[in-house]
Structures are given as C-alpha cells and as structure tokens.
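**Student:** Turn these sequences into a full structure, and let the hints guide you.
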Amino acid sequence: MLERADTGPICLEKDFELKVLLPKLRGIIEEYKIEFDPENIVPSDDSLADDVWRAALELYLGVGTYCTSTHRRILFDESEIREAMKNFPGRFVLGYGKDSRELSHREIEDGRRPFCLFSPDITCDEELFVPMSMAYLQEPLADGVCAPILEEVEGRSIKTGRPFELKGSAAHAMMFREAARRVGRPGIFLQGVGTAQSDAAQIAVSNPIWGERLTDGRFVASISELKVDSSLLNKMVHFHQYGCFVGALTGPILGGYCGGAEGTAIVGTAYHIQGLMVNQAHYQNYFPFHIKYMHNTTRELLWGISLTYQALARNTPLISLSNGFAAAGPCTPMVLYEAAAHGLVSVVSGANLWEIAVARNKYKNRATPMEAKMACEVGCGVAESDIKRSEANELAKKIVSKYEKEIAEAPLGKAFQECYDTRKIKPKDDYIELYKKVKEELRDLGVPFMY
Amino acid sequence: MLLPQVLGKCYKRTVKRKKLEGENRLSSETLTERLERFVITGQEEAAEKTAIEILNACMDPLEVIEENLFSAMKFVGEKFEKGEYFVPELLCAAAAMEAAIRVLTAEMKGESKEKLKAKKIGRVVVGTVSGDIHDIGKNILALLLEVSGFDTYDLGKDVDSMKFIEKAAEVQANIIALSALMTTTRPAQKEVVEFLNEMGLRGKYVVMVGGAPTSKEWAEEIAADGWAETAEQGVKLAQTLIRER
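Protein chains in written order, with numbering that gives the first Met the number 0: chain A, 0 to 450; chain B, 0 to 244.
Treat the hints with caution; some may be incorrect.
Which bits of chain A does chain B cover? Going by a derived footprint, with three or more residues having C-beta under 8 Å, they are [stated by the list, open to error]:
#1 157-164
#2 382-392
Taking beta-carbon pairs under 7 Å as the criterion, some of the chain A residues facing chain B (in silico) [claimed, not checked]:
#3 Thr122
#4 Gly154
#5 Gly255
Computed spacing ranges between beta-carbons, pair by pair [as the list claims (entries may be wrong)]:
#6 B:Lys119 to A:Arg90: 57 to 63 Å
#7 B:Glu44 to A:Pro88: 45 to 51 Å
#8 B:Glu66 to A:Gly445: 54 to 60 Å
#9 A:Glu439 to B:Gly155: 50 to 56 Å
#10 B:Met198 to A:Arg25: 44 to 50 Å
#11 A:Ser99 to B:Gly155: 40 to 46 Å
#12 B:Ser70 to A:Glu30: 30 to 36 Å
#13 A:Ser400 to B:Glu219: 51 to 57 Å
#14 B:Lys119 to A:Ile208: 56 to 62 Å
#15 B:Lys81 to A:Glu101: 53 to 59 Å
#16 A:Asp5 to B:Gly155: 47 to 53 Å
#17 B:Lys119 to A:Glu30: 29 to 35 Å
#18 A:Asp428 to B:Glu219: 31 to 37 Å
#19 B:Glu66 to A:Arg81: 54 to 60 Å
Derived by calculation from the structure, the hints in this document are not laboratory data. Nothing here was measured: the structure is a model prediction, and the numbers come from that model. Heads up, the beta-carbon is just placed ideally off N, CA and C, and yes, glycines get one too.
**Tutor:** Rendered as structure tokens:
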C-alpha cells in the first residue's frame, strides 16, 4: 500500500476532487437511485442498505485514496478488498486486566450491548484537564475514554509542529493515565492523544511506562474527502510497528464535496473501506457532519448514519464507532434530545458508540459526560430491548421533531465548570434534575432504557 | 435580470427542447441568458462555447462579465447560502465562469482590462494556517470572495505565518484571511496577528479569522478584526471591513 502512494496514477488535487471524485459520485448516486427520505430516518429496507454498500465499493474501486504529499492515487482491486475483509478479525479486546472490554462488529438490531466510548471531543483549560478526564473516566457505562485536548501546557500555547506540542502531548498522556488510576480504572482503554496532531508528537507519546500503551488506541485521520498525506501515513506505520490499536478517523461533510445526504452516506461507507485498506485500522470513528452547523443529529445526517451502519453490518465484518455531534451545548434539553436520537439511530443500525461532541464542537470546556451518558444509556437500552428498525424510526422522528427547527440557533448551554463541581467531580443539581426530566420524557415517548 | 425566474424557465424549457430538438439550446434564449444558465448549472464546456459565440456576435465582453457572469455567480452563491446548492455545484459553476472569463478576456483590450481591474473591491490573501492540512472551508471562501469582486490570493494549506505577511506586502493586500480547522492549529491565527504587531504592520491589514474551532470570542481574544462562521458570512464581513476602512 505504501508503495502505491509513491507509484499510483499521478493526479492534481483539484482534478481528483472535480474530475475523479465528483463525477464518479454523481454517476453512482444516479445509477443506484439512492434517495434521502425524511420520513425514514432509520430505513428498514435491506436492499437499500445493500445498494449503499455496492455504491460505496464501486466508488472506492473507481476513485481510491488521494495522497496529497505524493500527488498520486492509491488504488485497490476488488479481490484485495475482499481478502482484507475476510482476514479482518471482527473483534478485539481493548484495555487490560479488569478494565478490558471487547469491541466487536455489530449487526442490525443487535441485542448485545454496544461498546461505549465517552469523549468530550473538545479543548479544555489546563487546570480542568484532570477533573474533566476523571469525570468521563468514572462513568460506569464508559468502556473506553478519550481525553479533552490541551491548548496550553504550563501556561504556554501549544502550536502544531512546535516543541510545545511535544511537551503538551506528553503532559496529556501522563495526566490522562493519572486520572484513570485515580478513578480506579488503570487498565481502561484510552484513546489518545488528541493534543498531538503532528506525526512527531504522536510518535513521542508512545511509551508503555507513562504514555500510550499497547492496549490503548491511536487515530489516523483523513482529509476531506478520501485523501491522506505522508504525515498521516507516518503515524499509521508507527502505530502498527509500535503495536497499539489503530483507529481510522473520518468525517465526510454534508454540503461539501459529498453533496447531499445520499453522497455523504456513500462516501462515509467508502471511508470504512479506506480505513481498512489504507490505515489497516482495527476500528473506525465515524462522524459525518453538516458543513455549516457542525452537527449530525438532523434527519438527513441520521438517515445517512443509519444506512452506512446497515450497509456495513450486512456486508462487512468491520467495526465502527458512531461519533455524535450535537448543535446544542451542555445542560440544555436540546443536547440531551440530540444525544438520545444519535444513540438510538446508531445502535439499532449496527454501530458502537463514541459520544459526544456538543455545542458545534467549537467552544473550549463546553462538554460534560452527561451528554455522552444520555446517548449511551439510550444506545444500550435499544440493544437490550431488541426494538426493530421500524420502531426506532418512529421514535427517532418524535425525538428529532423536538429540536430540528432550532438547529441553526441551538443554545450553547454551559461550560464544564458551570455544570460540575470540579473538586468533587460531580454534576451539579440543576443538570441532574434536567437529565432526569428529559429521561422520563423520553421514556414516556417509548424510548427504552436499561434502568 | 431575474435569475431565479430565468433558471426556473430554463429547466422546464430544457426538458421540452431536448425532446423537440435534441440540442442543448433554448429557442427563445439570448446568448447571455444561455451563458448565465450554463454557469448556474455548472456546464464548463458549454459556457466556454457560448462565450466564443458572444465574442463572434461582437458583444462587449466587459459588460457580459459584469452584467451576466458575476450576477450568475452571485445567484449561485445565494443558493449555496440557503443550502440549496452544495460545494460540487459551487465548484462546477465557478469552473464554468472561469472558462467563460478566459475566453472573454483573451481578446479584451488594455482599457477594458484596466476597467475590470478597477472594479475590484479589494485584495485578499487567504490560506489555512501553519500545521493545518484542511482546506475545504478556505477553498469555498476564496471562491466566493473572487466571485464577489475581490482579487484573491490563495496560499493553500499549512501556510507558514510569515508567508501571509510576505504575500500581503507583495500584492498590497487589504485583508489577510486565516482559516483553521483544528483547535490545535488555531493558535497559528494568533501568531500572524502577533507577527504583524511586532513588525509594526498591524494597522496596514484587516485580519479576518474563521474555521470550525473559531468563534467571535476567539477573534476578540487574539485581536483579529473580524470573525465569520461560514464562507458566505466571510464575504459579507470582508465587504463590511473594507467599507469601514
């Protein structure tokens, strides 16, 4: 694969987007007649899911992955993709000792509990890093945790590619390990290190004593759409040789090169093939999002999420975690509805969960474990209750109708330190009360909960 | 020219005419209306051919660019803002417009070229900041700025902070527009402002910031002149900041 990044067909980046990806995607959408249906957020039509899979496979075989550093396309043939899928284990044990958990491929309407990864997906003040990490790590439903991202270390700004990025990344890894031990879960699966964007910083934190262990996971991102560069490939090579788990991090953009809901669903499914073939990833973090509002909780995005996961569940052994992006912020009813809708739609369609970026994923300190807890409580409840896609669809429509008109003006809510007692690491009473109220409201609508 | 009405008619007529003649042409459509339609529907080759026909018909290329091409792209930009068009439609429309402009300006005389240049609102140096490899938002902004009458100098992605300043000096820019798509690359926006301050150049350029992890508060914190959440808002902000200057 690496050789293909140096020898594949040469192509200008602009031509890859305009002359390779766009016409192929448009042709495929037309050929397979895939059409967004706002009344079917969770489609029950297996043939539609299979069409999305075939469309994604055809797209990826025709387009491949573009390497922006070498200006070449990395291409695979179908037999290579089939071979890679046949040899993919479909399950892994993450973390170690009593804190280890199994992450596996899921089926549609799967009755097994999904793997739940809790993550704030946002930056935080240096002094809040440990309390915020501990708040997420102590959540009983969390099978794994990803820490917030540092913007400063020792009061100095962290800039990608500079020495303070390495210092900040090391501090991130050390403090996160400390936080996990302090909550009594030293072996929990840690996904890291978000502060390290460059390949050098990622390589610097691979250390079984104080940093990223072999039982932890690391990400190789992609560039929108279906692109990588040498820095990303450097990380991939290092992670595999170091021996930790490797995740592919992909977020196709609705309204971007993918176009609408249909293109986003197809490209999103194709990204999972890229994750397997280019990153040789053990799992995928999947977060399609809206180009303007940075969310994925409205009908067109939930429809695409559902179809991507159904397509993968029916046609592949791949493992993927569905990453929610909510428009509203913490301590608002809206963010809890958005989280519930995302957890519901994802799990019934065959996903594991990665919850949840909130407040449009742009405001420092603005995330708490309460939003992730709602998404995962709903997701686990859905699995346990064995509800069908058609039932989930009716529930999803009811929940989405509560907030969809407010997306553009979604309330930003409160920051972590306003929602939590940061010394005792406990949610404050107003958020606990709000959570209970929304949970009862959702239960009354028919949303299943485990307890 | 009421472009939405024209577009609506065009779609209906296209279907009808294809059935009747099998040609990509509407019988009652003028050359300039046809050119607008090809830009709005992103048909690059057809737009190029129509531009040649326009030149052959001895029409004023400057007037066609100003009256028809720019208004067609403005209409495309509005559809993008409303969420009715996505990036592919925007890019195809821009490619069609560029193809037509290439033809129309090739034969243009010096005076007309000067007039066209004089119509520009301002010069913007735009790029994604150091360490950041994402460029979709920046690409849309550069495109919309260009079709809104700005001379745009796109430095690409992962641009060294000093390069923004060097380019701005070289082209005598009015605005430096900085995009960041990651929280960890956002500090590079601040670095450009710091460089300008320390080099005594801060008053010379308007600095705009944008991108997913940025906000009004962030722009205020780093003492940028403005922040825009979307590319369309970025164009409006640039227009406002130029007016106020």
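**Student:** Looking back at the numbered hints, which does the structure fail to meet, lowest number first?
**Tutor:** Result: hints 2, 4, 13, 15, 16 and 17 break, sorted rising.
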